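Note that the protein sequences, when read in sequence, are chains A and B. For the first sequence, our numbering assigns the number 1 to the initial residue and increments by one for each residue that follows. For the second sequence, our numbering assigns the number 1 to the initial residue and increments by one for each residue that follows.
The reader is advised that the hints may include incorrect statements.
Derived, one-sided and incomplete: chain B residues facing chain A with beta-carbon distance under 8 Å [unchecked claim]:
1. K171
2. L202
3. D203
4. R206
5. A210
6. L213
7. P214
8. H222
9. R225
10. N226
11. V299
12. D300
13. P301
Simulated DEER-style distance windows between Cβ atoms [said to hold, decoys possible]:
14. B:P230 <-> A:A144: 48 to 54 Å
15. A:T256 <-> B:M137: 39 to 45 Å
16. B:V140 <-> A:T256: 51 to 57 Å
Just so you know, the hints here were simulated from the structure itself, not pulled from any lab data. Just so it is clear, the structure is predicted and the values come from calculations on it, not from any experiment. Here a beta-carbon is modelled for each residue, glycine too, at the ideal position from N, C-alpha and C.
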Amino acid sequence: MPVVSVRDLAVSISRGGGRFRAVDGVAFAVDAGRTLALVGESGCGKTMTALAMLRLVPPVARIEGGEVILRDRDLLRLSEREMQDVRGGDLGIIFQEPLTALNPVYTVGEQVAEGLRRHLGLRPREAWSRAVEQLQEVGIPNAARRAHEYPHQLSGGMRQRAMIAAAVACRPALLLADEPTTALDVSVQAHILDLLRRLQAERDMALLLITHDLGVVAEMADEVAVMYAGHIVERAPAPALFGRPAHPYTRGLLATVPRLTAEARPPRLPSIGGAVPDLAHLPDACGFLARCPEAGEACRQSIPLAEIEPGHWARCVCATEGAE
Amino acid sequence: MIRRLGKRLLWAITTLAGTSVIVFTIVHVVPADPVAAYAGPQADAETRERIRRELGLDDPAWQQYLRFVSHAVRGDFGRSYVTQQRVVDAIRSRFPTTLALSLGGLVVWLIIGIPVGVFTARRRDSLADRLALVLAMVSVSLPTFWLGRLLQFELAYRDGLLPVAGLFSWKHIILPSITLGAVGVGYYARLVHSNMVEVLNLDYIRTARAKGLPEHTVLLKHGLRNALIPVLTILGMDIAALLGGVVFTESVFALPGLGALALQAVINLDIPMIMGTVMFAAVLVVGANLLVDLLYGWVDPRIRPT
Numbered sequence: 001m002p003v004v005s006v007r008d009l010a011v012s013i014s015r016g017g018g019r020f021r022a023v024d025g026v027a028f029a030v031d032a033g034r035t036l037a038l039v040g041e042s043g044c045g046k047t048m049t050a051l052a053m054l055r056l057v058p059p060v061a062r063i064e065g066g067e068v069i070l071r072d073r074d075l076l077r078l079s080e081r082e083m084q085d086v087r088g089g090d091l092g093i094i095f096q097e098p099l100t101a102l103n104p105v106y107t108v109g110e111q112v113a114e115g116l117r118r119h120l121g122l123r124p125r126e127a128w129s130r131a132v133e134q135l136q137e138v139g140i141p142n143a144a145r146r147a148h149e150y151p152h153q154l155s156g157g158m159r160q161r162a163m164i165a166a167a168v169a170c171r172p173a174l175l176l177a178d179e180p181t182t183a184l185d186v187s188v189q190a191h192i193l194d195l196l197r198r199l200q201a202e203r204d205m206a207l208l209l210i211t212h213d214l215g216v217v218a219e220m221a222d223e224v225a226v227m228y229a230g231h232i233v234e235r236a237p238a239p240a241l242f243g244r245p246a247h248p249y250t251r252g253l254l255a256t257v258p259r260l261t262a263e264a265r266p267p268r269l270p271s272i273g274g275a276v277p278d279l280a281h282l283p284d285a286c287g288f289l290a291r292c293p294e295a296g297e298a299c300r301q302s303i304p305l306a307e308i309e310p311g312h313w314a315r316c317v318c319a320t321e322g323a324e
Numbered sequence: 001m002i003r004r005l006g007k008r009l010l011w012a013i014t015t016l017a018g019t020s021v022i023v024f025t026i027v028h029v030v031p032a033d034p035v036a037a038y039a040g041p042q043a044d045a046e047t048r049e050r051i052r053r054e055l056g057l058d059d060p061a062w063q064q065y066l067r068f069v070s071h072a073v074r075g076d077f078g079r080s081y082v083t084q085q086r087v088v089d090a091i092r093s094r095f096p097t098t099l100a101l102s103l104g105g106l107v108v109w110l111i112i113g114i115p116v117g118v119f120t121a122r123r124r125d126s127l128a129d130r131l132a133l134v135l136a137m138v139s140v141s142l143p144t145f146w147l148g149r150l151l152q153f154e155l156a157y158r159d160g161l162l163p164v165a166g167l168f169s170w171k172h173i174i175l176p177s178i179t180l181g182a183v184g185v186g187y188y189a190r191l192v193h194s195n196m197v198e199v200l201n202l203d204y205i206r207t208a209r210a211k212g213l214p215e216h217t218v219l220l221k222h223g224l225r226n227a228l229i230p231v232l233t234i235l236g237m238d239i240a241a242l243l244g245g246v247v248f249t250e251s252v253f254a255l256p257g258l259g260a261l262a263l264q265a266v267i268n269l270d271i272p273m274i275m276g277t278v279m280f281a282a283v284l285v286v287g288a289n290l291l292v293d294l295l296y297g298w299v300d301p302r303i304r305p306t
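If we strip away everything but chain A, and leave its shape as in the complex, we get:
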């Protein structure tokens, strides 16, 4: 029984008088204690998917349909009031840039404690001491003292730890982590990933990790969903995805990861030709059509996500044919 299962999620964005689908037919599920990585380049709809799950899409966006079942409740059918109980309670989120995601005028202790007061109904004093414990748990040294500090007084890594503390303080069943390490130094990244893994293991928490960094994916994910132009184009357990990528886009992504070589002049890094299509003028065809090296006539229709081997799904004509 998964902690969360998303079915057929669709989000549209209005632009210049028209509306287009930024997220279309997205579906996945995450079990307790497991990590699903949602991968793709900027603008593919990964962040919008997370915001839609929280029902916090920006004003230009609108959730068109689908289901987000978190512990037997469809979040998209809750009232706003009920949804507020879910946000920060059963469903926590960490954003990419901890400096801007934390309020500059409140101490980090307060920013952790307010969620505890809100969801667990703790008195201010209890909430504060729980916040200090939580800050300590995410690895902030001298937490009792640092809880009184403001975000600008902390380093980037410490800020992200504080952000994580606030997100997990009320023991969410599912944690959304939107590019949690992108804004951080490489040396700090590993620590933050370790922390997420430790918290997840200790609390049996489901983790939806949104990233464009395949190194992070390889490190963290049990399962991977690759998004392109608002669709999930491939979904598979991490070993299968890295070992037998089925969608040309996934193969392209994997090829762009730099590798250390012994050669004096390393080969030029391959890149995927072309650019992400304009979602407002997406033809009724495979979204990757214009950039795909293997495109053929069969791609000029909408392609469904098909299971090519148990647990391995791809939205590609060639992949399905290969499997048959």
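Given the structure of chain A, go ahead and fit chain B onto it with the hints provided.
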């Protein structure tokens, strides 16, 4: 903190010194004779000469200025040429009225301006927002003396809701406060509105919502406090404008305040009274700015010295 405060104080003193030089120069170069105010219209030339000597008005300007400064730093601004009352006493008796009026104006600015700004930021581009924008434009463009007379006529004279003029109870301060505040209220509503709109788009507001905080906590705790930081800066500068409005308002409503005192002093070219009231106003403005500066550090921890 001490260093910052020291630097601020130094600036304050410089400002006051500059103000004193400028005002002193102005009252001494205007083509009118201050002795006329002192001696009255019937005095003959000989009496006038005597008075001029007694007041030290025939000394070189720099001597007069130094004399003014040496007395002023000891809190002595001399006596009025017209009433012979000590300037300091006159200011002391008039100040409470002006303070009450200024605070009243300020309350109107903020108590109406801030909620309207927050509300219209939340409902941006709604009918209420558009309407508030128009009203704000109107409010900013209203001349104080015109609005004062209008309110006086409609609410006080015709409907008898409030006293017309003078100062005999707290009710007498209501219409003047509204008059004084009306000009600023639209401005502050728009200022809070635009700051709020900007702040509400920031990441930490999304974080606050993602914590499940109710909307009013998101708006008031996480939004407003940040949106008020720039407002505070403007407010410090606007204290001077507020005192400027006080002069008009007091004369419209015949309030015995500092503005009326200063205005009368200017008309009479009552030099000690002019210097006294202007310097006192300057101290108020400088003091308000110092206060705002300290508040700033309280509201925004980022500029608090660690």
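Those earlier numbered hints the structure runs against, lowest number first: The structure conflicts with hints 1, 14 and 15, although it agrees with all the remaining ones.
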